[in-house]
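Trainee: Go by the hints and put chain Z onto chain A.
Chain order of the listed sequences is A and Z.
Using the numbering used here, the letters of the first sequence map in sequence onto residues 1 to 668.
Using the numbering used here, the letters of the second sequence map in sequence onto residues 1 to 110.
One should not assume that every hint holds.
Unchecked claim - Straight-line C-alpha distance at most 27 Å; calculated DSS-like pairs for lysine-lysine:
#1 A:249 with A:417
#2 Z:15 with A:253
#3 A:176 with A:65
#4 A:314 with A:249
#5 Z:15 with Z:85
#6 A:435 with A:638
#7 Z:85 with Z:66
#8 Z:15 with Z:27
#9 A:249 with Z:66
#10 A:417 with A:65
#11 A:417 with A:176
#12 Z:66 with A:253
#13 Z:85 with Z:27
#14 Z:66 with A:638
#15 A:633 with A:435
#16 A:98 with Z:27
#17 Z:85 with A:417
#18 Z:66 with A:314
#19 A:176 with A:62
#20 A:267 with A:314
#21 A:268 with A:253
Please keep in mind that the hints were generated in silico from the structure rather than gathered at the bench.
Spelled out, the chains give:
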Amino acid sequence: MTRFWTRLCVVLTVILGVNYVAWRWLASLNWEAWWIAVPLVIAETYSLIDVMLFGLTVWNLKIRKPPPAAPDTATVDVFITTYNEPLDLVMTTALAAKDIRWPHSTWILDDGNRPEMRELAESNGIGYVTRGADWTPDMPRHAKAGNLNNALMVTSGEYLLILDADQIPEPDILDKTLGYFNDDRVALVQTPQYFINVPADDPLGSQAPLFYGPIQQGKDGWNAAFFCGSNAILRREALMQLGLVGYVKATEKSVRRALAASRSAIKKARRSAEAENPLVEQMLNEVEAATESAQQELEAGASLSEITYRVRRKVDDAVRTLVAADFSALQSDLEEIAAMELAHVGESGVTTVASDAVDRMSGRDWSPLGALESVHAVLDAISVERTDEAQPIMPLATISVTEDMATAMRLHALGWKSVYHHEILANGLAPEDIKTMLTQRLRWAQGTMQVLLRENPLVQRRLTWGQRLMYFSTMWSYLSGFAAVVYFAAPIIYLTLGILPVTSLSFDFFIRFIPFMVVNQMLFVIAGHGIPTWRGQQYSLALFPTWIKACTTAARNVWFGRPLGFAVTPKARQSGGPSWSLIRPQIIVAALLALAMVVGVLRLLSGMSEPLGTLVNVAWVTFDLVVLSVLVKAVLYKGFVPEELAAPEGPESPERPERPEERNADAV
Amino acid sequence: MQFSYEVRDTYAEVKGVGRLNMVAAPKLREVVAEVVAGGSSRVVVNLAETDFMDSSGLGALIGCLKAARQAGGDLRISGVQPQVKMVLELTNMDRVLTAYSSAEEAFGND
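Excised from the complex, chain A in its bound form (with noise of 0.2 Å):
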């Protein structure tokens, strides 16, 4: 019954959503006032696709009921990720992973590389796993995705618990989800993350109800539903099956760009000082036939590791054979000149070659080729080893700083499914200080923005057009910082200078606005039966700094190649007096919205303005100041204190990735 009355609203959202936004366009624009009107008629375009989005998530909402029994033969590693928690905090969680009912092997997957940790894990029984010898410092590490598709490695279980090192699982975690993989082709299986240090108001806005309720559920209506870092199981094959993909189609593109390169390196190398050698002008003949037939095999169909090994044998031998006749000239001249000067030196000897020089010499590095960078750095390239990372084989997705999403949608992109299951399974810690909060959500924005211009979903031909919108849709909310300065330039615009965006403030106006700004609300209840979602609506309208960095700091990432810039997460909370400094940009806007009330109300009882325009920009501005006041509240938070007197020590925050998605449903 309820998806009848979501499905409703989302229906009439839409139909009232489009009259109004048409409306808008077509016939109230204020173009005297085009600066101000036509940002204002985008922001509301982009509230109106936003919560399209929304309905259309919650349209297909997927109650699931429990999975059948798992059979007992399933295998089970549970891997905890940790890089600089403490290790208490650690092993409180390993030591609950160890006690899961379900039979497993439990491992720490450490990428501090602790000696404590490990003697830790280990008087413990609990696996302990550090990076490779495979991942040399010039190699890129990939953070939490590279410590996950390390162990991979060495680990050998059917299914793979993920956790965070702060969450603690319930010993049932994988009694209740294992059996969703019955389905062979079940590749993920998704729980809640929830909070346990978070007050009733929940100042930071940790818990994200929405996101882990008819978010996920609507997602996994239209097999969507998304991997989120931790409190997940995934099969291993599916995992491993993306890494052989992704290593094939990086192998590929590796050696054609090389093929394609080697001809201009050795024109480049052909017009340099050394190629007047004559040995070496023979070399890069022997490079260019080799090249060019590797070029032929490969458009032929023949195997990246013949192809490959082939150019690598032909170069080989051919320098070889030019380096050991070099050297035998080279003898020769020796043995004259020893015959020349035999008379003097009476029994010196002949001066010989060593035999080994010839091995030495023709060694990639030490040959003439090796002096010609560009001709070396291609040949290299032509390799089926993958040599720009640590490991050939990368099952978790490396595009991004959140992993999480770029996986899963790459593993929906090869057919695989996935589930939510709403439960919580696993009881986590949220971050305690504003900071700490701030650089999350900045981070996890960052990497959604991130996979959206690297792997865009809209136009990945193999995810269904569901599929497609829910990744999108993700995508488009953190977009909601650009709208939100408009929406809060708006109201001071018309309260300061009397300019209004709209023609008139009229009847018009109002009976198309109200009921489409009623009937949005009334589905934010119906889908949300009642879920808190207002603190998800403040901070996504008051976090607007956060959002507007991470989408231009990722732009800058994803096209230019520039660091994204972001501090790891400190985990212990921020000491120090409230840090007012973090929110400048909304304190800077908060006082603007105020005084531009005073100077509305001044204007209006000089007479110049009027009183429904002032009316109803002052209403906007104190809803605008009402949203913003969460920002006191978060600076002010003190950090978390138990009810009944339960933590002794000081709170830890450790690093977690929120779902800013608790979504905002303003327009205007």
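Mentor: Relative to chain A, chain Z alone:
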């Protein structure tokens, strides 16, 4: 899964009997590492009696290929059974590895 190997004139043959899955994958890696460390970097993995392979098994083959190449040699596969052939195609791994019909043939022409 049982592995055995034999060093021939120009290559070493590693034989796997049974299922090359996630449990056997690390073992294959160890065996090939041992062979390569013993000085035979030209390795044929004979799969004639491997009746099942999963993605972890294939992943291990890639790891072994890397090890052999870094030692200056190569790793090839032979005697691929229908299920293994299917897995190779499913993951596009047939773009990377050529399946030779027999171990002798794998290094036959070089």
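Trainee: All hints, please: hold or fail.
Mentor: Cross-check of the supplied hints:
1. This hinted pair checks out: residue 249 of chain A and residue 417 of chain A have alpha carbons roughly 22 Å apart, not beyond 27 Å.
2. Of the pairs offered as hints, the one joining residue 15 of chain Z and residue 253 of chain A is violated, with about 32 Å between alpha carbons and a cut-off of 27 Å exceeded.
3. For the hint pairing residue 176 of chain A with residue 65 of chain A, the CA-to-CA distance comes to about 11 Å; that is within 27 Å, so the pair holds.
4. With a CA separation close to 25 Å, the supplied pair residue 314 of chain A and residue 249 of chain A stays within the 27 Å bound.
5. At roughly 17 Å between alpha-carbon atoms, residue 15 of chain Z and residue 85 of chain Z fall within 27 Å of each other, so this suggested pair holds.
6. This hinted pair checks out: residue 435 of chain A and residue 638 of chain A have alpha carbons roughly 12 Å apart, not beyond 27 Å.
7. For the proposed pair residue 85 of chain Z and residue 66 of chain Z, the alpha carbon gap of about 21 Å is at most 27 Å, so the pair holds.
8. A threshold of 27 Å between alpha carbons decides the hint, and for residue 15 of chain Z with residue 27 of chain Z the separation of about 12 Å falls inside it, so the pair holds.
9. Our distance criterion of 27 Å between C-alpha atoms is met by residue 249 of chain A and residue 66 of chain Z, whose separation comes to about 16 Å.
10. Restraint check for residue 417 of chain A and residue 65 of chain A: the C-alpha separation of about 17 Å stays at or below 27 Å, so the hint holds.
11. Distance check on the hinted pair: residue 417 of chain A and residue 176 of chain A sit about 18 Å apart at the alpha-carbon level, within 27 Å; holds.
12. Of the supplied pair hints, the one linking residue 66 of chain Z and residue 253 of chain A holds, its CA atoms being roughly 18 Å apart against a limit of 27 Å.
13. The straight-line distance between the Cα atoms of residue 85 of chain Z and residue 27 of chain Z is roughly 21 Å, inside the 27 Å bound, and the hint therefore holds.
14. Proximity of residue 66 of chain Z to residue 638 of chain A is assessed by CA-CA distance (about 53 Å); at most 27 Å being required, the pair is judged violated.
15. Distance restraint check for residue 633 of chain A and residue 435 of chain A: the Cα-Cα separation of roughly 13 Å lies within the 27 Å cut-off, and the hinted pair is therefore satisfied.
16. Taking the CA atoms of residue 98 of chain A and residue 27 of chain Z, the gap is about 26 Å. The hint holds against a cut of 27 Å.
17. Straight-line distance between C-alpha atoms of residue 85 of chain Z and residue 417 of chain A comes to about 24 Å, which keeps the hinted pair within the 27 Å bound.
18. For the given pair, residue 66 of chain Z sits about 19 Å from residue 314 of chain A by alpha-carbon distance, which is consistent with the 27 Å threshold.
19. Pair hint residue 176 of chain A plus residue 62 of chain A holds up; C-alpha atoms about 17 Å apart against a cutoff of 27 Å.
20. Proposed proximity of residue 267 of chain A and residue 314 of chain A is supported: the alpha carbons are some 19 Å apart, at most 27 Å.
21. Of the pairs offered as hints, the one joining residue 268 of chain A and residue 253 of chain A holds, with about 23 Å between alpha carbons and a cut-off of 27 Å not exceeded.
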